[in-house]
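Novice: Sequences are here, hints too, so could you generate the full structure?
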Amino acid sequence: AQTVTQSQPEMSVQEAETVTLSCTYDTSESNYYLFWYKQPPSRQMILVIRQEAYKQQNATENRFSVNFQKAAKSFSLKISDSQLGDTAMYFCAFVASNTGNQFYFGTGTSLTVIP
Amino acid sequence: EPEVTQTPSHQVTQMGQEVILRCVPISNHLYFYWYRQILGQKVEFLVSFYNNEISEKSEIFDDQFSVERPDGSNFTLKIRSTKLEDSAMYFCASSERDYGYEQYFGPGTRLTVT
Chain A
6 AQTVTQSQPE
16 MSVQEAETVT
26 LSCTYDTSES
36 NYYLFWYKQP
46 PSRQMILVIR
56 QEAYKQQNAT
66 ENRFSVNFQK
76 AAKSFSLKIS
86 DSQLGDTAMY
96 FCAFVASNTG
106 NQFYFGTGTS
116 LTVIP
Chain B
15 EPEVTQTPSH
25 QVTQMGQEVI
35 LRCVPISNHL
45 YFYWYRQILG
55 QKVEFLVSFY
65 NNEISEKSEI
75 FDDQFSVERP
85 DGSNFTLKIR
95 STKLEDSAMY
105 FCASSERDYG
115 YEQYFGPGTR
125 LTVT
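If you read the sequences in order, they're chains A and B.
This note's numbering numbers the first residue of the first sequence as 6 and each following residue consecutively.
This note's numbering numbers the first residue of the second sequence as 15 and each following residue consecutively.
Careful: at least some of the hints might be erroneous.
Below 25 Å or equal to it, Euclidean Cα-Cα: the simulated DSS-like pairs (lysine-lysine) are [as the list claims (entries may be wrong)]:
(1) B/K56 to A/K78
(2) B/K56 to A/K75
(3) A/K83 to B/K56
Everything labelled a hint here was simulated from the structure, so no lab data went into it.
Treat the numbers as computed from the prediction; the structure is a model and nothing was measured.
Specialist: This is the structure:
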C-alpha cells in the first residue's frame with residue numbers, strides 16, 4: 006500500500022525567511038512521481054513542484070525546491086524568501102506506476118507567513 | 015489560465031436523496047478524476063475516467079456512485095442515496111496526459127448530508 010505522511014500540521018515563518026516542509030512516503034514501487042500542491046485559503050489546489058523518482062537531481066521552481074532522498078523515502082519542500090502569498094495549505098502527493106493515475110495525498114501542512 | 019470549475023460550491027441534502035456534483039474540466043484534457051476529503055482527513059481518490067469509461071476506482075466508489083460525461087464538456091459525479099458519511103469536500107480534477115502528469119484541481123464542492 007502507498008502512504009504519504011506529513012508530520013507538521015501547522016508551521017509559520019517570517020516573511021523573507023526560509024522554511025522547509027517535510028513529507029515521507031512508503032511504496033515498494035521504483036517508478037513513481039512526487040508532487041507538492043499549494044491550496045490558498047478558499048482557492049483550488051495548484052501545483053508547486055513535481056519530481057520524477059528516476060531523476061536524482063532535485064526539482065526547483067523559482068523560490069521552491071525539493072530535497073528528494075529516495076533511499077529514505079523523503080521529499081521535503083523548501084520555500085526561500087517567503088512571501089505573504091505563500092500562506093496556504095501544502096499537500097504532498099504521490100503516484101506510482103502500479104496505481105495508474107491515483108494520487109495519494111498527505112494530510113497537509115498549514116503554512117502561515119508572518120509579516 | 016484555464017481552470018477546472020465546479021458547481022455548486024456548497025450542497026446541502028437530506029440523507030437518502032440523490033445528488034449530482036458538476037465539474038467542467040479544462041477543455042483539451044482527456045483524463046478526469048474525482049477525489050473527496052472528509053473534514054480533518056486526507057484527500058482520497060474516488061475514480062478516474064478516460065475515453066468515456068471508468069479507468070480506475072477506489073474501494074470508496076461503490077454502487078452508490080456513478081460518473082458521466084454527458085455532453086463533452088461537463089463531468090458529473092452522482093451519489094444515488096446519500097449517507098451522513100458522504101459529507102465531505104469533493105474535488106474534480108483533469109489532466110492532459112496519463113500517469114505521472116499534473117492533475118489540475120477544481121475548487122471543490124462541499125457536500126453536507128443531514
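Novice: Indicate, hint by hint, whether the structure satisfies it.
Specialist: Tested hints:
no. : hint           : result
1   : B/K56 to A/K78 : 19 Å, holds
2   : B/K56 to A/K75 : 23 Å, holds
3   : A/K83 to B/K56 : 22 Å, holds
Checked against the numbered hints given earlier, the structure satisfies every one of them.
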